[in-house]
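K.L.:
Residue numbers (this note's numbering), protein chains in the order written: chain A, 1 to 147; chain B, 1 to 171.
Derived by calculation from the structure, the hints in this document are not laboratory data. Possibly wrong hints are sitting among the right ones.
Stated by the list, open to error - Coverage of chain A stretches by chain B, computed from C-beta distances (three or more under 8 Å per stretch; other residues unrestricted):
id, stretch
1, 6-17
2, 49-59
3, 87-95
4, 100-106
5, 119-130
The structure displayed is predicted, hence computed values, not measured ones. Each residue gets a CB set at the ideal place from its N, CA and C atoms; glycine is no exception.
What follows is the residue order along each chain.
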Amino acid sequence: MDNLDKQLINLLQKGLPVCEKPFLAIAIALKTTEEIVLNKLQDMLDSGLLTRFGPMFDAACLGGAFTLAAMQVPQAQFDDIAKIVNSFEQVAHNYERENQLNMWFVIGTETQNEILEVIEQIEKKTGISVVNMPKEHEFFVGLYLPV
Amino acid sequence: MTTDTQQLNELERAYIVLTQKGLPICSQPYHWLAEQLKITVDQTLDITSDLISRGIIRRIAAVPNHYKLGYILNGMTTWDIKDDKAIEYGKKIGELPFVSHCYLRPRHLPNWHYNLFAMIHGRNTQEVQHYQDQIKELLKDVLQTHQGKSQDVLTSTRILKKTGLRLKVRN
């Protein structure tokens with residue numbers, strides 16, 4: 001990664017101006033050409049350094065319901081329980097974490113009611129109670145990973 | 001729930017469906033979008049700005065792969081802070097550049113007494129520790145102690161499942 005690559009990643013993460021030629025604006029800011037910016041961006045997407053470019057939507061604004069849920073799973077049963085939980089298509093992410101509550105997953109559904117149904121089914125299939133932690137307030141984040 | 005589903009008109013729905021996977025990498029990406037939507041470029045730019053001001057679009061940006069940039073560690077930090085100060089202080093934590101998600105969630109007493117969640121990302125354990133210390137310093141006046149603890153970090157030891165959340169565009 002050269003210096004320009006790094007500057008480009010840093011700027012592109014922060015966001016582009018809303019205008020007809022956003023990449024030209026970036027090129028001018030970085031004292032390079034629009035063509036170089038476009039080529040580099042395409043290369044970074046192709047290589048997987050960047051995963052996506054475009055509008056970043058607030059999923060919750062678009063409808064649907066989400067929650068974070070956690071379970072305390074005995075170590076001996078851990079992999080079996082993980083399989084059961086992961087088999088629900090409404091479970092989007094699932095992580096093993098270091099805590100008494102050692103399995104943490106995100107449930108995404110169309111309606112609020114469906115969240116509770118999924119939790120009930122997971123409890124029924126696993127025999128383990130699910131701690132439901134829906135967000136009460138979301139704070140705007142400005143994640144920025146400088147390189 | 002604090003985030004309500006916003007009312008979207010037909011055109012806004014079409015905009016979202018077309019751009020969910022991203023914008024084309026070309027000199028004038030909004031020209032492409034205007035053509036698809038059968039509206040003018042100016043109208044497309046106006047819709048974009050409006051969706052941003054309503055919080056439906058957070059920004060037009062690139063999403064880096066954390067791991068490929070060297071940010072290999074993530075920690076879910078959880079904090080027990082005074083309820084009446086939670087919104088004020090949560091906002092400060094969300095603004096930190098190394099925090100990717102920041103929420104207030106319900107306590108589940110007696111076993112779970114943390115109400116503020118902040119996900120942090122770092123390139124090594126020192127960096128993660130340093131970030132945690134920064135959060136602690138910011139929260140020092142509002143931290144509460146329960147059974148001798150006012151914070152915890154739940155580092156992920158394994159990804160068990162990771163699929164993209166589908167953005168649903170409802171009719």
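K.L.:
Give me the numbers of the hints this structure contradicts, sorted from smallest to largest.
P.N.:
5
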